[in-house]
Structures are given as C-alpha cells and as structure tokens.
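Since chain E is already given, all that's left is putting chain V on it; use the hints.
There are 2 protein chains.
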Amino acid sequence: MFKSEKLALHLRQLIDSGQWKAHEKLPSLREQAQISGYSLITVLNAYQTLETQGIIYAKDKSGYYVNERSASQTLLNAGVHAAEHIQINSAVFHYLKNTQAAGFIPFGSAFPNPELLFNQKFMQLLAQHAKRKQSYLNNDNMPPGNLALRQMIASRYMMQGVQCNSDDIVITSGALNALNLALEALTKPSDVILLQETVFYGAWQAAERLGLQVVTIPDHSEFGLHIEAFEKALQQYPVKVCWLMLNTQNPLGYTVSNNIKKKIAALLEQYQVYLIEDDVYLELNYGGKKPLPMTYFDQHQRVLHCSTFSKSLGMGTRVGWIHARQFSDAIQHLQLMSTLSVSPLVQNALVDFLSQHHYEKHLRHLCLRLAQYKQVIYDYLKLHLPQQCKVDIYPSGYFLWIKLPEYCDSYHIYQTLLQHKISIAPSLLFRPKHSLQNCIRLNCSYELHTDIEQALQQLCRVIADNIAEKG
Amino acid sequence: MFKSEKLALHLRQLIDSGQWKAHEKLPSLREQAQISGYSLITVLNAYQTLETQGIIYAKDKSGYYVNERSASQTLLNAGVHAAEHIQINSAVFHYLKNTQAAGFIPFGSAFPNPELLFNQKFMQLLAQHAKRKQSYLNNDNMPPGNLALRQMIASRYMMQGVQCNSDDIVITSGALNALNLALEALTKPSDVILLQETVFYGAWQAAERLGLQVVTIPDHSEFGLHIEAFEKALQQYPVKVCWLMLNTQNPLGYTVSNNIKKKIAALLEQYQVYLIEDDVYLELNYGGKKPLPMTYFDQHQRVLHCSTFSKSLGMGTRVGWIHARQFSDAIQHLQLMSTLSVSPLVQNALVDFLSQHHYEKHLRHLCLRLAQYKQVIYDYLKLHLPQQCKVDIYPSGYFLWIKLPEYCDSYHIYQTLLQHKISIAPSLLFRPKHSLQNCIRLNCSYELHTDIEQALQQLCRVIADNIAEKG
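Line order of the protein sequences matches chains E and V.
Position one of the first sequence corresponds to residue -12 (this note's numbering), numbered consecutively onward.
Position one of the second sequence corresponds to residue -12 (this note's numbering), numbered consecutively onward.
Only chain E is shown next, with the shape it has when bound in the complex:
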C-alpha cells in the first residue's frame, strides 16, 4: 500500500466510525502532516483520493470537509476491520470440537456424510498403491505435486473451456491449505482484503492469522453477490485481494450467475485486484453441470481458483489444489517452508481413479443422494418449523439455511441442542462483525432415519420454544 493510501484509509476509518461528522472541517494539509508524520505531498494525495471517492469535498481557500454519507457509503456500512480484533476463534474452536464429538447428530458439520463419500473402488486403488513399492519411492509428491494428477486436474478445467495446463496447478493438503497458501502468497500484513459479509469462518481466520484488514460487502437477497457494493468497495478501499465464494456459497447456498461473474472479472481488471475463488463444492451440482469458475471469465490472470477432492471423496483425502498460474512458484516456496508434500499414496490413487473414469460415476451417485436427502429434510422442516421461519434451498451442495425471526438467538439454540447431542452451525460463526444472530446452517447429507428424524423434531421444538420465549 502507498503511504497516501494508508493515510486515506485511516482517515476513512475515522469518518466511517462517526468520529468525524458530515460537514466537519478536516485538519489543514499542514496540520495533518504534523499529526500524521507524513509529508505534505502524501497528505495532499490522501485528501484528493478521498475527494475523488466523494467522501470529502473541498471549499475554495477554506479547506476540506466531510461529505454527507452517500447511498453507496451506506451500502458499505461494514467499513474496514482489522482481522486481529475478531476473536471468533474460540467460538469456532468450541463449535468444531463439538461437531466432531462421537455420538452427536452432525447437523452442524461442514463435511458431507462420510458414508456417501465412501467409494469401494477408490479404497481398492489406495490399497493397491499402498502395496506397490514403486509408488512409495516415487519422489513426485513434492511441490507442485504429482504430474499425472496435475494433468488430470488441468484437463477437467479444459473440459469447461478454461485454459489450463499442468504447470498452472499446485497440489495442496486440502482446500483450506490451498486458500491459506494463496492468501499468504498474495498479501503482506495490514493489506486490505474483501470478503462477502456472510462467509465461511475460515476466511476470517486466515485474515487474522496473516494480520490483514477486511472490507465486507453485504449479501444480495436476489443475486447472492451484491455487484454494486462490490464495485463501490473496490473504488473506495485499497483492496488488494478478494476472497469470494460464488458457487454453492457457504453458508448461504446460492450460485452467482454468469452475467455477474463477467462483471466481477471486468472489475478485477479495472481495479487491478486479485481474486481467490473458494470453490470447494464445485462437483456437488445436482444437474450434473458444473458452474463455471471465475477463471473462465478472467482474461488477465487475476483469479486463483481453489478446490479439493475432500468434499467428494472424504476429508481424509486431504488433497486440494490451486489453479495458481503465475503464482505457482511463490506458492511452492511457501509449501517448502510449511507442509512440504502431500500424501503420494492418495495422489497416486486419485490418478487411477480419475483416469479409469470412476470419479464421474461416483459424483453422479453422490449428487443424486444429496439432492434427495436435502429435499426430504426440507419438506420435513416446511411441515414442522414454526411458520415465521424461512428455509433457503438451492439445487447444489448439502446445506439448508434456516432464517428464524430476527429476535431469535441461534447461538442459544445451538447450546440447548448440544445438551441433546445435536450439533448445528449458528449464524454468528459466519459473521464475526455485524453479528447475525437468527440463522442456522443445517447439514442435510443424512437420510431421514429414526435418529435423524428425532433430531429434526428436537430442533423444531427448540426453535419453537425460542420463538415463544423471545417473540
């Protein structure tokens, strides 16, 4: 970040936070230079940046004044947050510990039902490679990872019309590792990144770990991503990297249209911003047709697309990747400093599994079941939830998003259900700032057996109690 950008951002924060009111006079250039320790030129540049953005206005000879909050500013009510102050980690830690506890009904789990991911053929291939000395001695598991596997991943991109070759791909220890490596390669501490307002908590955790600042944009009730807010944010903040989820967004579930994706790509280029695309549910579209990754629309190598096999073949797989292109070397550097290599056994088994065309069959079967189980649970909830509740359903993934009346407290519901050995994901996990209290993400990758039905019954009862209590 340039010095003047840094100063503009700092002043912007004072205005956003209400410390400086509309029509209040800003310190003169000379005063500001003294206060901030920056040069006059830097201060002038910062003031002019804010003026261009419509945040302040100049009066002849009299100086600069704070503008009225415009509609666009209200749109970005979120402002910039230092990720270090979010402290969601202990809440998330507590939550993750509970969802993995034995004997719990895992409605709160982030992972699909492992029974559905289990594939006999894949296990056989793993076992074959485990016994094959050669696949064990092979050194090809070092970064960027197994060449044959990278070729297969590249050809899957090509089938979607995305330019890609094996050198563009870096294999990682799952998607979370992929996303963290991409973010670390693209940022320095105190850089500004942009997130959707309601997101996978891992994005905030990564930002916190790397000492970044975060701008968020609100969700759009119809289109998912709020493209106007996105543009305003790029205009008004020195955003370096966006981390977005555009397909089967976690936790909300929507998939952004190609039209909006095109607009995003154009804005990335216009504002010279990079995009890390979190696309872990890539293969979980019920219609069988994968949504297009942002790399399809990106003519200027501004997108790093991250995905994984863990969401379709089991989290024990721990094999993800980054379509990293010009950043491949930088990311391999980081890998050589941290996780080193990815299991050669699993990489080799994946190569066979993909090349023998077992993967498509597995995915068809998996998506059929996910669609069916989710619909059954959705129907159950429509019938048994209090009428004040709304449930969002989309034709992909395995989550439902339950919206309770605004006065409800889903964290309280979460705590009550823990006593019944049922986990859910309360909405505050997905919004550390501007807390969202009244929603629940529900993992629906389970068949409506007796125990699941009893747990749903319990869930509906606890929700009804919460409504009755608070309403």
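Please keep in mind that the hints were generated in silico from the structure rather than gathered at the bench.
Take the hints with a grain of salt, since some may be wrong.
Same chains, same label: a pair holds when it works inside one copy or across any pair of copies.
[Unchecked claim] Okay, derived cross-link-like pairs now, DSBU-like style, lysine-lysine, Cα gap no bigger than 35 Å in a straight line:
hint	residue 1	residue 2
1	K420	K249
2	K108	K227
3	K408	K120
4	K(-10)	K175
5	K(-7)	K8
6	K12	K249
7	K12	K108
8	K118	K377
9	K250	K420
10	K348	K120
11	K(-7)	K175
12	K84	K108
13	K120	K84
14	K120	K276
15	K118	K408
16	K175	K227
17	K120	K46
18	K227	K(-10)
19	K420	K227
20	K377	K276
21	K348	K276
For clarity, every value in this text was computed on a predicted model and none was experimentally measured.
The following block gives chain V in isolation, referenced to the frame of chain E:
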C-alpha cells in the same frame, strides 16, 4: 516485548553494527526520548538494561557511553537479524528442486534413502486400512489427532523417563509442519528467537515467514552447542523462543551431552524462555539408545519437543507430532485454521505398526544399514579426498560434514556437480548470515554401488580441482 526492551534492542543493534563506537557518548535521556518517541522512563529503563549487560557505562552527571566490545560480545558476533532480509529462499528452492529431480545422485537430499525406509509390513497395514470402511469414516483424525496414536507416542516418551500423556501430544503433517506450528503459537511478529549459527534452513525460513528477528550463537568445536554463548545471548537479548537441534544436529551431526542439556534447561527457566526442540533424527542412533530429549531435563514446561515418523518410515508418511503440553489448544487452533487434519489412513496404520512391535525391528535394521553405508563412504572419502579436507562423522544419522580449505567454494562445487547429475548440499544453505562457503553436507544413506562410487569419484575430482584452482 516491553517498550524498553524494544528500545534497548534497537540501540544494541546500532552499537553492534558499529554506528556507535566505543566511548562515544549516547544521546541524553531527554534527547533519546525525543528521537525515539518513547517516554523518559522507558528510555531510562532501556539505558539501565544496556548498562547491566555491560554494553554501555554511566559517568556521573555526564551521561552514558558505549563500552569497549567485551569478549562476550565478540562471542555473539552475529547480532540480531531481521529474518526478512535473508532471502535464502530462492537458493533453497533451487537446491530442493534439483535434489528431487529424477536421475540425480541424491547426496544433497535431506531424506534418507527411501529404499531403506520401505517396510513391507507397514505397507500391508496401510493396504488393510485402505480397504476398511470404518477406518475411513473415523473422525479421530481431526486435531489433536488419533487418540491411540497419541497414546503410543506418549508411552514412548514415558519409556525414556519423560512425563507425558496423550493429551500433551498434537499430531501434525510431518515435522516441518510441527516446528512451524510451534513457532507460530509462541511468537508474534518482530519477536526475537535464538538459533544455532549453522542450522537446518527451515528454521530461517520459518522465522522469515513469521516476521521474526533472529539471534544466532556460534557452534562449539568440541561440544557442539556453545553454552557460554547461549547464556550470554539470553542475557543480552530479549529472546522469546529458542529453536535448537541438539541430537544429530543438522547439518553438523553432533549430539549434545546430557550435562549441557541440563544447563540449557536451567537457563531456559532462569531467563523465562521457551525452547522448540527439533528432534527429527531421534530414532536414528546406531547404538539403539535414543538420546534424551530436552523435555527430560525440563521441570518447568518450557520445552516443545517436535519429531516425526517421516525420517524412519518415509517422507510420504507425513506424520509428525509436537509434545505440546500447555500449548496443545493454541496449536490445534492454528491447525484448524490451516492444514486441518492428518491422513487417517496413515495414522491408523501407524497405530497397528507400533502396537504390533514392528517399529523397533524396523529401526534396528535401518540403523544398522545407515551405520554401515556411512562408514563405507567415510572410508572412501578418507582415501580419495585431498588431504586438506576434513570429514566429521558421528554414530547417528546419515550425513557426513566435509570441511574443505577455507578458500574453497562449495556452492561452485555444487553447481559443477549438477552438470554431472550429482546433488550435494553446499554449506551456505545452512548459514544465511556470516556465510559459510567451504563445507558440504553429504547424504550417506546409499550403498556403494557402481553409480554411487562413480559419483563419489567425481565429487573428489571436482573438490580437488576447486582446491587446485583457488589454493
């Protein structure tokens, strides 16, 4: 770090770097407060710290002056280095890429000969677990990792007389991941850590990644670790964490005596410093008796001991651990934000392998071969290397450390040998500061077959040429 420690460190750097000479007068307290922006009290505390350390002295009413460099300061000639300026990454990256290239004689490799690590029984167990649905669905691979495996690791500590239970252990994706997690959990950017002068490059890389400052202590020609320098460093610098390798030190090979380990433990407590112990070659002692980890001598929970199965069962294993004790939660937090889980398959197979007592047999066999191969190569080198060269050999591990005359350039030798498809590890990799030009780390885990003998012959020839050229 306290403000006064920060200031003292900054002034210390000015003195270390020679910007302030002996008997030069320091700015007055008031002047220093103005220059530095710190309060008078902070400046006074900083000056008093430096006075206690003998770096500066006070003259009545006249102020503070820089002292002559004492013997202890000369001992710590290294000073403090911001890890960000080291830039060894591209050298290391280049080196690692070459050592993994197909068809190269891997004298430069950090990993033992995979043929020696291959164990039929372990492969069978892996294959069995790969086919077992239950071991795939098991959720026990999430942090802190498989309970049974943690119990086995704990009992191995207990057998050495180290207090340990399964809750103290966190399973990681190999040792490099373990060491990085431990360092990240214990430090904040700009903290000072202490390293040995000649070390595994991964320590510097980790420090660079986390924005730390590094103090180094010189090696001791007889005892390996220079305990006087160690104490002086803790006395004179605000060291927060030490990262040391005391058993089969990489690259030098020595193992520190129990007597010195006791002294280290006492100093850690006295100066309230934590130690991350890198002990990856733990099991590779030829006598069969493992050296004691620092946790054995540590009465005050100041040691985090890191090790791995990758150096004895193959790097594809990717299973390491931290004896993390009170830091277990903090480290699991970091894992949940980054690598998440470790392969459940490998963890399960390790449990069986250990509980069925295959591991000890494997290690006995492995160490016998390592001892034998290293001795044969050592004897070859003694016979064929120019007489100006010295070779260090110790009864553990699989490296030899070759010392060429000081005017030799092992990086040049490295580059020449690459053209012959032979890799070596030149000494500059292990000393980014105060560069060490004239040594070579040689991986000796290979039997003296024709191709290895030819490569050794070539190595001796290129070394002789270098000596002739430069001498």
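Quiz item: Can you tell me if K108 and K227 fall within 35 Å by alpha carbon in one copy, between copies, both or neither?
Solution: Classified as neither; 43 Å inside a copy, 51 Å across copies.
Quiz prompt | Same-copy or cross-copy closeness of K12 to K108 [CA-CA at most 35 Å] | solution = neither (71 Å within a copy, 78 Å between copies)
Self-check item: Intra/inter-copy verdict for K(-10) and K175 if alpha-carbon distance must be at most 35 Å
Solution: both (15 Å within a copy, 24 Å between copies)
Quiz item: Given identical chains, is K84 near K108, meaning Cα to Cα at most 35 Å, within a copy, between copies, both, or neither?
Solution: both (31 Å within a copy, 34 Å between copies)
Practice problem: Evaluate K227 and K(-10) at a C-alpha cut-off of 35 Å and name the case that applies: within, between, both or neither. | Solution: Answer is both: 15 Å inside a copy and 32 Å across each meet the 35 Å cutoff.
Self-check item: Intra- versus inter-subunit Cα pairing at 35 Å for K408 with K120
Solution: between (44 Å within a copy, 24 Å between copies)
Practice problem: Evaluate K175 and K227 at a C-alpha cut-off of 35 Å and name the case that applies: within, between, both or neither. | Solution: Answer is both: 10 Å inside a copy and 23 Å across each meet the 35 Å cutoff.
Self-check item: K118 and K408: within-copy, between-copy, both or neither at 35 Å Cα
Solution: The answer is between: 30 Å across copies meets 35 Å, while 40 Å in one copy does not.
Practice problem: Indicate which option fits the pair K118, K377 if close means a Cα-Cα distance not exceeding 35 Å: within, between, both or neither. | Solution: Close neither inside one copy (52 Å) nor across copies (43 Å); limit 35 Å.
Self-check item: Homo-oligomer pair classification [K420, K250; C-alpha up to 35 Å]
Solution: Classified as within; 27 Å inside a copy, 49 Å across copies.
Quiz item: Should K120 paired with K276 be assigned to within, between, both, or neither, using CA atoms and 35 Å as the limit?
Solution: For K120 and K276, only the inter-copy Cα distance (30 Å) is at most 35 Å; the intra-copy one is 38 Å.
Exercise. At 35 Å max between alpha carbons, let me know whether K348 reaches K276 within a copy, between copies, both or neither.
Key: within (14 Å within a copy, 53 Å between copies)
Violated hints, listed in ascending order, are 2, 6, 7, 8, 17; each of the other numbered hints is respected by the structure.
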